[in-house]
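Since the structure of chain E is provided, determine the placement of chains V and A on it from the hints.
Residue numbers (my numbering), protein chains in the order written: chain E, 1 to 287; chain V, 1 to 764; chain A, 1 to 158.
Treat the hints with care, since some could be wrong.
In silico DSS-like links for lysine-lysine, alpha-carbon gap of 25 Å or less [to be verified]: (1) V:Lys596 x E:Lys261; (2) E:Lys261 x V:Lys568; (3) E:Lys257 x V:Lys754; (4) E:Lys261 x V:Lys627; (5) A:Lys72 x E:Lys50; (6) E:Lys257 x V:Lys627; (7) E:Lys257 x V:Lys556; (8) V:Lys568 x V:Lys556; (9) V:Lys633 x E:Lys261; (10) V:Lys13 x V:Lys59; (11) E:Lys257 x V:Lys633.
Quick caveat, the hints were computed from the structure, so don't treat them as lab data.
If you want the building blocks of each chain, they are given just below.
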Amino acid sequence: MRYEAPKTLEQAIALLSGANGQARVLAGGTDVLIQLRSGRADPQLLVDIKAIPEMRAVVADSGGYRIGAAVTCMELIENEVFARDWPGVVDGVKLIGSVQVKGRATLGGNLCNASPAADGVPALIAAGALVCIAGPLGRREAPVEDFVLGPGRTSLGNGELVAAIQLPRRAPHSGDAYLRFTPRTEMDIAVVGAAVYLTLDGKGVCRSARVGLGAVAARALLVPAAAAALIGTTVDEAALERLAAAASAACRPIDDKRGTKQFRVKVAGVMARRAAAIAIERARRQG
Amino acid sequence: MSATLKYQEKELKLVGTRPLRPDGVDKVTGRARFGADYNLPGQLIGKVLRSPHALARIKSIDTSAALALPGVKAVVTRDDFAEMPDEMAAVGELMINFRDVTRNMMAREKVLYDGHPLAAVAATGESVARAALALIKVEYEVLPHAIDVVEAMKPGAPLLHEHQYTQGVKPKPDRPSNVAKRLEFGHGDIAAGFRQAEVIVEREFNTKPVHQGYIEPQACLASYSADGQAELWTSTQGHFVFRAQCAKVLQMDVSKIRVTPTEIGGGFGGKNNIYNEALAIALSRKSGHPVKMVMTREEVFSSTGPTSGANVKVKLGCTRDGKITAAEAELNFQAGAFPGSSVNQASMCAFTRYDLANVRIVGHDVTVNRPKVAAYRAPGAPIAVFGVESVIDEMAKKLGIDPIEFRLRNAAKEGTQTYYGPKLGPIGYIQTLEAARAHPHYRAPLGPNQGRGVATGFWFNIGNETTCSLNLQEDGTLTLMLGTIDVAGGSRASMAMMVAEELGIEFDRVRPFVGDTASLGFNFLTAGSRGTFASGMASVIAARQVIEKLRQRVAKIREVPLEAVAWKDGHARPVDATVAQFAPMSLPEIARMAGKTGGTIAGHAEINAQGAGPGFGTHIVDVEVDKETGAVKILRYTVVQDVGKAIHPAYVEGQLQGGAVQGIGWALNEEYVYGEDGVLQNPGFLDYRIPVASDLPFIDTVIVEVPNPNHPYGVRGCGEVPIIAPMAAIANAIENAIGLRLCEQPLSPPRVLKAIDEAAAARR
Amino acid sequence: MSRNHVSATVNGDQVEFLCETGQTLLEALRDELRLTGTKEGCGTGDCGACSVIVDGRLVCACLMLAVEAEGKAIQTIEGMATGETLHPLQRKFIEHAALQCGICTPGILIAARSLLERNPNPTEDEVRYWLAGNLCRCTGYHKIVDAVLDAAREMRGG
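Just chain E, with the same shape it has in the complex (with noise of 0.2 Å):
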């Protein structure tokens, strides 16, 4: 197995086309390396991307904010404007593992590994977040939720890498919050996670919504009957409950070691409602 860290996203195109198959970007490595390990994972070579200046940078572009796809989640979780903004989004990041993990892996690499589980996803749907791709053909943009397409399955195309993630301006009266459930308070995998991203108007009724559900299907969900419960609503108790409805409803879940379907499908609307409580909660603080 070969190390290369390239210094540019042109180089890092050019090492990955050449491998034809064989090589794995290396971000923050938290989850490939573990694939290295259990022999998951067995690549010819690996394609450092953390040496590239635009992989390192969180940059405010047309009021959003374009994630480099080497920013490590305590870089972002440290960025004090970008939580600002985008509360729900970090309070995804704040759970992708220990203070040690979060140290290395980022938002970019939480994205391409795939899991259904992946904690950074749901709120980064909920936003209405774009991936940036480069590859041998150019650059291309495609929404979060169509970019996952099964567990460890991405649309990268060979060659392509993810070179940022793409947040757009967030509206005025606007609010996101990501809740999951666990076991434990910290290091676990998300059991069921939920993210909710909404704007008031003036009198206080959702005029949009947008919900993200991670953990309940093979990949991270957009929900728009879920979003649907909340909008033309002042966000009541009774629109609660039905976007809680509408959110377990969208749920195709599985029984696995870390959870029962029943489970999964009731806490989805638990999560999704309390997720909707914070979010509303937000919107109304930022007027």
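Chains V and A in isolation, oriented as in the chain E frame:
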């Protein structure tokens, strides 16, 4: 010598204070050397090939391709180890059979669990060793397996051992069974007891296996010389016991194996038995190089420990005024792939907190396709007590009696006849109940969805073979060589404190350490809460020998009769001025002259410590249940325990807190999860969920001291008791929070939520 | 197998070593540099026993390749005391009986130090959540949390 030193009340200067542990600085600076920290020049790395099947017959093992790989120096399989006859030995808290030890170490006819070793290689490096494992070809005939204890007990269940007929059943059964043993305890007339009962509670409980979860994986380094001598460095709770097991399975003389114990990164019963040690010696013998073997975390989970999962039935009869008339239990314990679970200890601990006229317990030791169980802190007791203390709590509630009051009305006390043998001596059970009832925690207000639970635990505590050697050095300082491993609790400090107390000198004048197996005679494991009791007794005997010799020397130097010389505050002094008058001599003064007055002064003890004092504890816990998710949060926790005497109270508190938190993990989230294929699904700390710091509150402790009459300082031992009560205490607290009795461990969110939802559906 | 050459600083000292690409920083520290104070409890980032600080960041040495250490400044437990003088956290851990078996202790000390460098006055909850990535099976964490809070108090000069 069978030894008991009686308790003497006296004014204490050091015992009961909190000096700093001698291993502290090494452990905070990274200097302390654990199993994986030892290396030898020219060492090879050893790795083990393990079964991917729960049960399969081994048709063939072909190691030729592995041996041909450059860098591979030796491979061992079943063919490298002799067949062992059926021979039971109490090496460890549990009985083992050497026929099974050799098979658990290396599969012979069949692989019996996912993770069962089949072959081991030694190679020049880790990656070569791993590559070699992949080249070993094994042909299996996969067989149907049995994982669940109740299923495995049924006639017609897949059989692990064709030669195994249930012991303890007369006449001998005509067909083999997974039930290795049936045992029965009891006294009185159980049927009459239930006839007297006005209220009866009967419940069935199930628990999953849990792992000891020590953070240091097993690690050892072996070096075998061509002259037939072997050295072994290993992380162990009992280096003498490891030596005995290695000598047996390798057919070597005991004296030809020298085991040096490393610092041990946690054991809790899980490091009572050999796993890789004999393989490392065998590989070293075959290769001519030292061989180092370190387990991965996955190997630790799939192939070592855990404790039993079990099925437990409890039935209790009581009069309306709260007197227990009958107590009955059936305990069905998973033994893992080979017989020898802790069902025996569990049976004896189940009801021994109570003074009962009519008791009956039936236990079954059942082989299943899981790793052979190992002891885990108070082996078996928490499992039985989860059931019993849940039923006790339910009974108290039915009768409308406060749960502590109910326990007090039936509490065991001095003179209580146990149903397994002895009458109890002076014990502190009632004192722990009374201290718990008086604790502010017991009266603190609770909020919505919150509940408080109480439960209690009992453990025998044990003694056994113990040796030590105390050498007075030429400057008057002493070295104390102990034969019992300091498994973490700080027992080296406690032993040195007792020696310094005896000698009337400062703590730092005594340097304690653990000797290797060539330097002392046989010691039993550090297990069963025996270390500070037994090794403490040995240390006191050695110290008293040194004092006797010091007095003799001074009598000689000062030319006075021996009876005229007293030992006080670190000096030899006249007993009183009327008998003799001489200038007192200090320990350094006598030590400096020792060479001229008869040679080096030392004390030593080789004892079988008798008279361990039973320990009792009462726990109080407050929980809050999230009724929408089933999550249980521990809000407050108080441990009250009789320890006899806390030699070093801070280290005793550490045992109480650590034990309680292991019990909390057991109660809430820890469990082995197997798939339909019999393969362990959660062999890692991500999905085997031991408690993390943010899951917990501070753990309050109340130390009760009812001295053990059979120890010079009254020590009982304290490590086991605190893990026994938490599971039941938490189940009782949940019941008080949400009105539902949960009988399936772990009390994890899916289980709690399911119970809540089912109860809600039943109400509709 | 060709090996990668790495130069870095460890506890302020320049070091060089060779490593296979798949080798972790933890393996390099322990096996190449013989700095065995950093422990392996799991190898998957779930226990924190291998916590070290790399360029000011708290990380698990088992989740970083040795080759990624090129040019980095690494701090391990071996560099925590100054000569014979223990760091206040080390001293408080001994005084508060915050260690038992000691296998998790180096990692917890490194993690606690990293916390106090960022937040000299943490609450109990902040200590507990920051240390959630460091498993301890002996103590129940009670005395560890006490020791960290007390060390913080002392380091603030109170």
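So, going through the hints one by one against the coordinates:
{"no.": "1", "hint": "V:Lys596 x E:Lys261", "verdict": "violated, 82 Å"}
{"no.": "2", "hint": "E:Lys261 x V:Lys568", "verdict": "violated, 72 Å"}
{"no.": "3", "hint": "E:Lys257 x V:Lys754", "verdict": "holds, 16 Å"}
{"no.": "4", "hint": "E:Lys261 x V:Lys627", "verdict": "holds, 18 Å"}
{"no.": "5", "hint": "A:Lys72 x E:Lys50", "verdict": "holds, 13 Å"}
{"no.": "6", "hint": "E:Lys257 x V:Lys627", "verdict": "holds, 22 Å"}
{"no.": "7", "hint": "E:Lys257 x V:Lys556", "verdict": "violated, 74 Å"}
{"no.": "8", "hint": "V:Lys568 x V:Lys556", "verdict": "holds, 18 Å"}
{"no.": "9", "hint": "V:Lys633 x E:Lys261", "verdict": "holds, 23 Å"}
{"no.": "10", "hint": "V:Lys13 x V:Lys59", "verdict": "violated, 67 Å"}
{"no.": "11", "hint": "E:Lys257 x V:Lys633", "verdict": "holds, 21 Å"}
When each numbered hint is compared with the structure, violations occur for hints 1, 2, 7 and 10.
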